[in-house]
Amino acid sequence: MRFANPAGLALAALAIPVIVLHILRPRRTAQSVSSLFLWRSLERPVSSARPWQKLRWSALLLAQLLAVAVLAVAVARPVRLGPAKLAAHTVFIIDASASMGAIDGSPDRMSDAIAQAESLRGDLPEDGVASVVLAGPRPRVLLTASPDPDAFDAALRTIDVGEGRADFAGAFALAESLETGAQEVGFILLSDGGLTDAEQRQQPPGTVYRRVGTGETNRGVVRLTVEPRGSSLHVRATLGHFGGGPSTQRFRVDVDGVTAHAEQVELKPGTTLDVETDVPLGDRVEAFLEGGDQYPLDDRAVAVAGRRPPIDVLLAGRTTFIGELLAAIPGVTVHVAEPGAPLDTTDIDVAVFAETPVPADIDVPYLAIAPPAGAPGVAVTGTVDQPAIALVRTTDSSSPGSISPTSEWHRPKRRRPRRSSPRGRRGAPCCFAGPDPRSRGCTSPFLASSNLPVDVAFPLLGDRILTELTGTAQPTTSLEVGDSLPVPPSNAAVVIDPVGTERTIEAGDSVPVATRAGFGRSESTARPV
Amino acid sequence: MAAEPLLDPALLARLERVQLVTGRRLVGRFSGEHRSSRHGSSLDFADYRDYHPGDDFRRIDYSLYARTDQLFIRLFEAEDDLAVRLLVDTSASMGFDGKLRQAARLAAALGFVSLVRRDAVQLYSFPPGRADRFNGRSSLAALMHRLETMEPAGITDIDRAADALLARSGPPGMSIVISDLLTPTWPAAIERLPARGGEVTVVHVLSNAELDPELAGDLDLVDAESGDRLPVSLTHDVVADYRASVQAWLADIEARCAHRGVRYVRVEADDDIEEVLLRSWRRAGVVR
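Protein chains in written order, with the working numbering: chain X, 1 to 529; chain P, 1 to 288.
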């Protein structure tokens with residue numbers, strides 16, 4: 001016999017106060033007597049001043065102890081486990097989340113889950129069929145209503161532990177979709193737990209839960225972020241202690257495969273610890289929390305130092321101020337156009353026109369600064385006296401935003417199929433972008449006459465304008481498995497995952513997501529990102 | 001529904017023939033039925049004495065004068081009444097287990113016996129110390145009413161009651177104290193009561209619960225008179241010690257009474273009053 005709620009047996013501790021109440025001397029009962037005259041002559045009429053007495057077994061005590069025992073057992077809900085009769089069509093939902101790789105199984109939890117599934121498969125009734133649904137980051141059906149044990153085993157052999165959270169909601173939906181109505185359907189969930197309340201409510205009715213894994217010892221790197229800081233990279237890691245006793249472990253940071261930092265960290269149960277350090281510049285940053293626990297997968301985290309690729313800028317017109325501005329931006333190479341000569345935009349990422357007309361056939365993104373006659377599709381209607389710098393970025397890259405001298409700005413109206421015609425505040429600088437990459441542009445009437453500190457504000461503004469125009473946003477330095485990869489949705493790209501598998505993403509395809517922890521690569525048709 | 005009378009008529013009829021016994025002759029105030037220590041005018045010859053001028057010459061024994069040629073006066077025994085003082089303890093402790101009721105019945109019986117013998121009865125209840133005098137059979141009803149309306153209250157102050165008794169004038173007579181003596185001052189009272197002269201009888205009224213308590217366990221004993229509390233753990237040994245202590249106390253009272261010439265009788269609250277009066281007390285010489 002086992003208990004469905006073993007914690008209820010803790011109520012047996014109520015026996016202690018019951019016994020204590022019987023050991024404690026009861027409050028003396030007042031007994032009126034004719035006189036204390038005779039009683040006072042007795043020596044030590046009070047047997048003891050101690051508040052307790054010898055335990056005397058009585059029917060009342062035994063009844064109270066019996067009641068406590070019955071209550072504890074009732075709350076613990078004793079159950080007798082018997083072999084569960086499987087349904088004629090049994091759907092095995094196997095958790096393939098990263099935690100199933102914990103090594104407290106044989107050798108890990110997933111192996112235990114597969115072994116349990118194989119064992120349970122033998123309990124299917126005659127003519128019974130089995131389905132297998134893998135509850136990984138991307139749930140999928142591995143086997144559909146198959147009566148063949150060999151096919152079942154083959155499906156199980158294809159299971160590999162994922163490296164992210166399981167999408168249980170999707171897995172449950174898939175499992176329920178396998179129900180045909182022709183046969184009785186039952187569901188068995190093989191998991192190490194970790195389902196949220198919402199996910200538990202989404203289980204198909206009658207799902208039998210078979211738990212795998214019992215250990216809880218786990219420490220890991222919860223988060224790793226990297227940002228360039230001068231001539232070094234600043235690494236910030238968050239370490240978590242999720243189970244087991246206090247531990248002192250070695251934390252290590254590798255940059256491009258070379259150990260750049262190591263220290264001993266003390267982790268306390270149920271807490272997190274932030275570790276920050278500066279490491280030399282590099283591309284690939286890996287953080288390791290060394291020391292054995294039952295879940296090694298989260299003992300390593302990776303991140304890349306987000307660095308933008310070099311940008312070639314063609315500068316036309318007045319070059320004095322804007323040339324210095326562009327030169328102050330790291331990774332920018334400025335090519336000055338010869339006055340009167342035709343523009344050569346070969347290998348040019350963006351063109352800047354300073355107080356000079358913008359050619360109508362410009363075929364690269366451009367920045368027009370106080371253009372005398374506006375820009376293609378943009379008419380100049382006035383100027384502002386005291387502009388201030390502000391950047392307003394729209395989330396939709398296909399629609400123009402604006403850079404306004406004040407916080408008050410107006411989203412331009414779309415005029416398809418014409419190129420977007422931004423109308424911000426009168427005379428305000430603005431950026432715009434159409435569906436064609438070449439249709440991105442910015443105009444600014446004030447960059448040449450502003451008195452804002454050049455070494456502070458304008459490099460930032462210039463950097464952001466160039467980033468916006470060239471579409472070379474810095475990649476996210478750290479991605480979780482399951483997060484979207486930083487691939488421009490409008491560009492075709494090739495994604496190479498950490499194990500070297502290539503996948504071509506056409507323009508307009510859905511954004512791919514990270515499926516494994518490690519260093520991958522994506523390349524657009526124009527440039528690697 | 002009328003309250004039950006202290007003494008039923010049948011017992012009263014028997015008590016008509018009962019008389020208080022005094023160990024020695026006591027001088028009374030009026031003529032009565034008890035032999036007095038002085039000479040009087042009864043028919044019982046007592047003695048001769050020399051004639052002195054002024055003596056009643058009718059008492060001169062002329063026969064003796066003829067033989068001896070001297071004048072002698074014949075003396076006869078006097079029969080006086082008996083001044084009976086009933087001191088009844090009405091303290092709160094007497095309210096337990098019917099002790100006061102028993103005391104009232106005993107006092108009523110003694111008062112009845114006295115009144116039918118034309119003895120003067122003085123009822124003195126303490127506390128608070130109220131004295132009433134009853135004379136003659138006609139005051140029987142008043143005596144009974146007085147006894148029936150006594151209520152237990154206050155502290156046993158027998159010492160003060162003894163003082164009050166000693167301070168009262170009148171012939172020594174017989175003093176009968178009816179009390180449970182549950183007070184530390186009882187020895188002093190017994191020592192002083194005989195100082196007035198006359199005879200003193202202590203009727204010790206106790207309940208069975210006081211002699212042989214059936215209490216057990218951890219108790220807070222509350223004194224009915226003072227309200228004081230005494231925590232006790234009544235084991236078998238402690239109760240046995242209590243019983244021994246009570247017996248020693250009773251023996252001490254008896255010894256002191258004997259030493260001071262005080263007659264001592266003990267009555268339990270649930271004793272049969274007829275058995276006590278007509279048998280036990282007769283054997284003890286309290287009545288005849």
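None of these hints come from the bench; they were simulated from the model.
A couple of the hints might just be wrong.
Claimed, not checked - Ranges of calculated distance between the beta carbons of each label pair, as one might list FRET restraints: (1) A251/P / A12/X: 52 to 60 Å; (2) D163/P / L61/X: 54 to 62 Å; (3) A69/X / D228/P: 39 to 47 Å; (4) R56/X / G129/P: 46 to 54 Å; (5) R56/X / D252/P: 57 to 65 Å; (6) L61/X / D270/P: 50 to 58 Å; (7) A248/P / R56/X: 31 to 39 Å.
In this text the structure is predicted, and so the values were computed from the model without any measurement.
All residues carry an ideal CB built from backbone N, CA and C; glycine is no exception.
These are the hints, each one checked on the structure:
One distance hint, 52 to 60 Å for the beta-carbon pair A251/P and A12/X, holds here, with the actual separation near 59 Å. Between D163/P and L61/X the beta carbons are some 57 Å apart, a value that agrees with the proposed interval 54 to 62 Å. Under the hint 39 to 47 Å, the C-beta atoms of A69/X and D228/P, about 46 Å apart, fit the expected range. Judged by the Cβ atoms, the range 46 to 54 Å given for R56/X and G129/P holds: they are separated by roughly 50 Å.
The given range of 57 to 65 Å is broken by R56/X and D252/P, whose C-beta atoms sit roughly 38 Å from each other. Look at L61/X against D270/P: about 38 Å separates their beta carbons, and that is not inside 50 to 58 Å. Distance hint for A248/P and R56/X: a CB-CB separation of about 33 Å, consistent with the stated range 31 to 39 Å.
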